[in-house]
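Engineer: One letter stands for each residue in the lines below.
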Amino acid sequence: MIDKKVTNCATAVRAVNDGAAVMIGGFGTAGSPDELIDALIEHGARDLTIISNNAGNGDAGIAALIREGRVRKIVCSFPRQPDSHHFDAAWRAGAIELELVPQGNLAARIQAAGAGLGAIFTPTGFGTLLAEGKETRRIDGRDYVLEYPIHADVALIKAYRGDRWGNLVYRKTARNFGPIMAMAAKHAIAQVSEVVELGALDPECVVTPGIFVQAVVPVTSTQRQGLAA
Amino acid sequence: MIDKKVTNCATAVRAVNDGAAVMIGGFGTAGSPDELIDALIEHGARDLTIISNNAGNGDAGIAALIREGRVRKIVCSFPRQPDSHHFDAAWRAGAIELELVPQGNLAARIQAAGAGLGAIFTPTGFGTLLAEGKETRRIDGRDYVLEYPIHADVALIKAYRGDRWGNLVYRKTARNFGPIMAMAAKHAIAQVSEVVELGALDPECVVTPGIFVQAVVPVTSTQRQGLAA
Amino acid sequence: MNDLPRLTRQQLAARVAQDIPEGAYVNLGIGLPTLIANYLPPEKDVILQSENGLIGMGPAPAPGEEDWELINAGKQAVTLRTGGAFFHHADSFAMMRGGHIDICVLGAFQVSVTGDLANWHTGEPDAIPAVGGAMDLAIGAKRTFVMMDLLTRSGESKLVEHCTYPLTGIGCVSRLYSDLAVIDLSPAGARVVELAPGVTIDDLRRVTGVTLGEG
Amino acid sequence: MNDLPRLTRQQLAARVAQDIPEGAYVNLGIGLPTLIANYLPPEKDVILQSENGLIGMGPAPAPGEEDWELINAGKQAVTLRTGGAFFHHADSFAMMRGGHIDICVLGAFQVSVTGDLANWHTGEPDAIPAVGGAMDLAIGAKRTFVMMDLLTRSGESKLVEHCTYPLTGIGCVSRLYSDLAVIDLSPAGARVVELAPGVTIDDLRRVTGVTLGEG
Chain A
30 MIDKKVTNCA TAVRAVNDGA AVMIGGFGTA GSPDELIDAL IEHGARDLTI
80 ISNNAGNGDA GIAALIREGR VRKIVCSFPR QPDSHHFDAA WRAGAIELEL
130 VPQGNLAARI QAAGAGLGAI FTPTGFGTLL AEGKETRRID GRDYVLEYPI
180 HADVALIKAY RGDRWGNLVY RKTARNFGPI MAMAAKHAIA QVSEVVELGA
230 LDPECVVTPG IFVQAVVPVT STQRQGLAA
Chain B
30 MIDKKVTNCA TAVRAVNDGA AVMIGGFGTA GSPDELIDAL IEHGARDLTI
80 ISNNAGNGDA GIAALIREGR VRKIVCSFPR QPDSHHFDAA WRAGAIELEL
130 VPQGNLAARI QAAGAGLGAI FTPTGFGTLL AEGKETRRID GRDYVLEYPI
180 HADVALIKAY RGDRWGNLVY RKTARNFGPI MAMAAKHAIA QVSEVVELGA
230 LDPECVVTPG IFVQAVVPVT STQRQGLAA
Chain C
4 MNDLPRLTRQ QLAARVAQDI PEGAYVNLGI GLPTLIANYL PPEKDVILQS
54 ENGLIGMGPA PAPGEEDWEL INAGKQAVTL RTGGAFFHHA DSFAMMRGGH
104 IDICVLGAFQ VSVTGDLANW HTGEPDAIPA VGGAMDLAIG AKRTFVMMDL
154 LTRSGESKLV EHCTYPLTGI GCVSRLYSDL AVIDLSPAGA RVVELAPGVT
204 IDDLRRVTGV TLGEG
Chain D
4 MNDLPRLTRQ QLAARVAQDI PEGAYVNLGI GLPTLIANYL PPEKDVILQS
54 ENGLIGMGPA PAPGEEDWEL INAGKQAVTL RTGGAFFHHA DSFAMMRGGH
104 IDICVLGAFQ VSVTGDLANW HTGEPDAIPA VGGAMDLAIG AKRTFVMMDL
154 LTRSGESKLV EHCTYPLTGI GCVSRLYSDL AVIDLSPAGA RVVELAPGVT
204 IDDLRRVTGV TLGEG
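Quick mapping for you: the protein sequence lines, in order, are chains A, B, C and D. If you're matching positions, the first sequence starts at 30 in this note's numbering and goes up one per residue. If you're matching positions, the second sequence starts at 30 in this note's numbering and goes up one per residue. If you're matching positions, the third sequence starts at 4 in this note's numbering and goes up one per residue. If you're matching positions, the fourth sequence starts at 4 in this note's numbering and goes up one per residue.
Heads up, some of the hints might be wrong.
[Stated by the list, open to error] Mimicking DSSO-like on lysine-lysine, the simulated pairs with C-alpha atoms at most 30 Å apart in a straight line are:
(1) C:Lys-78 to A:Lys-102
(2) B:Lys-163 to D:Lys-145
(3) B:Lys-163 to B:Lys-102
Because the hints were derived from the structure by calculation, they are not lab data. No experiment lies behind these values; they were computed from the predicted model shown.
Please put together the full structure from these sequences, using the hints given.
Structural biologist: Laid out in structure tokens, this is it:
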């Protein structure tokens, strides 16, 4: 019997090795897998490359990972936030490498990884600092930049409901990067508010089919939700 | 008030001009917009480029379009079927141009068009007849072929339910190419079994958001469904 | 020279809203452009997209009714209108980059007369860079508008011959809505479409110092 | 020389099924490989994908209960198992091409000792070409197996040093299951893993004429 349910976050994040590339879902207060990140900090893996939209804010989540010195490099679109002080300090100290990627390129490169593409010509960033040194090409009268897929060893995402096959549905704008990160990582771990019986999710409405998910962890507490802004 | 509902197929297909590139959804018996194709034949547009998985079978649908001499070129993955006699005859007579595309490349190129990419390096077809003359590149130890997006002027697709904003849900494997064709065409026309009230479709389960759809046509008859095989 | 009669931010938002037609799919950038939503009359059906994964965005919820899993790109709590839908980030940016959004309205540090946009980076060497969706929004929509004050607080023109700040996109802005004028931008240069009440074309030429066509 | 003891198609299907582990995501190609599904014991949870947009494919429905909007890639009516899901063609081929499918089993016209596959085109000049998903399936899965009779009806080996038919993919097949033997294929060449009862390695070498390693 296929059963991808893992009883707790601590067990699930053992899949993260030192030096791993780890995707972390979430945009703002929506979809951040806070409990998985807490467990990852506890787990102690270091020298990580983090792929996420932001570089953390406040003192929890990705910010705490950075504070603890676990992050060698971050690939993200928007590291600067009013309370991103842990990233800011690490960056100014030269203690963290930053690959800044326009958000649409970030999404497209993650999707390209999941879909097995070798590279994509994308319209975003042409003629800007973020395309410096990159191959460009004019196609049908429009200019494009060649960008490469972003793969990961592990993805940590937050979904709403999941089943033992790993099928997932999300809630509102908490969907954001979850579905494409699950596809781009070798090992996708989803924390869910509820594990439901197989068959309880409508097959027409499953957003992430279980083939893309390796572990489903029930996390009922949502202690930080609604606090961050 | 936004109301994309069009009362009948004949009115909807007036959007197809002579010389247009037309995507047609469907895979086997599932998802073929038969009534829209009938209306297109009646409409009379000619010199069409058809983008679809197959090149028609039997005497209806795309096969009938070909029989009537309306199709200049077809872009598809699998034109040869036991009863694809209209395509077969046209092809042997040199009366139709064929661009044969592996099914995954077809899907990826249609998706790339909808997403605004300039080109993609895809793994499929490398070293085969279907990549002859195409640019290739080795990336991270794997070989890829450069493929370009496939755009269309109009898409004809079949969905299950739709609303006046153009939001769509599909039914089972009739989903197939519908969502990506809607995104890749300038003007997407969806025939639906039922037009429902705005708000009747769960926003978590909408497969094609209305932004990708320009016309929704209720078609309750499904006369050919279950006959073709 | 900087005491010209200016549109207020509210007047400017109302002015942009006038030009958004019924049925348009629109992305309003973070900051000033979000004001435009207040001036889209309910009877004019305009659909707002937010690039973090929703379309059919409605107004802010009543205080205390926020759902922090229903937010916009500015990370503010919002609502979903009847008929709206959710989707993931790749589909969302496909909407944008694939040219499905009719109008995107952005703020700017600088805009050039040919429509180059600079709105993501001040260029200061110690600034922490952050781009978010700015570059995707700039080049993706069918039409990209900029909404900004024409001059900085110290009186420098933000409409320039060539941007000196790092670019967000090249030739992507088709129209500039400012507190002093509405100006079309194209490869042929800037052309004034409309002047704020009490402002003359000579005023504009004087304060901007750029070449401005008329009519 | 062609009257060697051969596995029946049913025996061959059962043999392939043995090597499909619990929990595997599997795509069974049109034709011969579809027989494998009959030999996956219900207690071994194997999930079948069909590239036209479903995962968790179940057996054929009872006659008269077909739903022609629920079909497989061979356009046969199928069912959906509890826990299955539907998706569009781009997501479906992302599953395949992105390496998410563990095992794909395909039929073949020819396979080379280094794993080149020819299964889409006989190369006859007047043949109407049709490729479908063959090329995507060939190169996408973590492991691609071929299931076929080792010899044509006229006794020619379908395992060859170099394919003479147009290729479907290069070096993509890792294992060949045939009626006479199970043979691993790799850049180092072919290596016989298992012989059908009553077949010797010398028999195989004689009928195929290719270099075959052992053990």
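Engineer: With reference to the structure, classify each hint as holding or not holding.
Structural biologist: Here is how each hint holds up against the structure:
no. : hint                   : result
1   : C:Lys-78 to A:Lys-102  : 25 Å, holds
2   : B:Lys-163 to D:Lys-145 : 26 Å, holds
3   : B:Lys-163 to B:Lys-102 : 20 Å, holds
Going down the numbered hints, you'll see the structure goes against none, and every one checks out.
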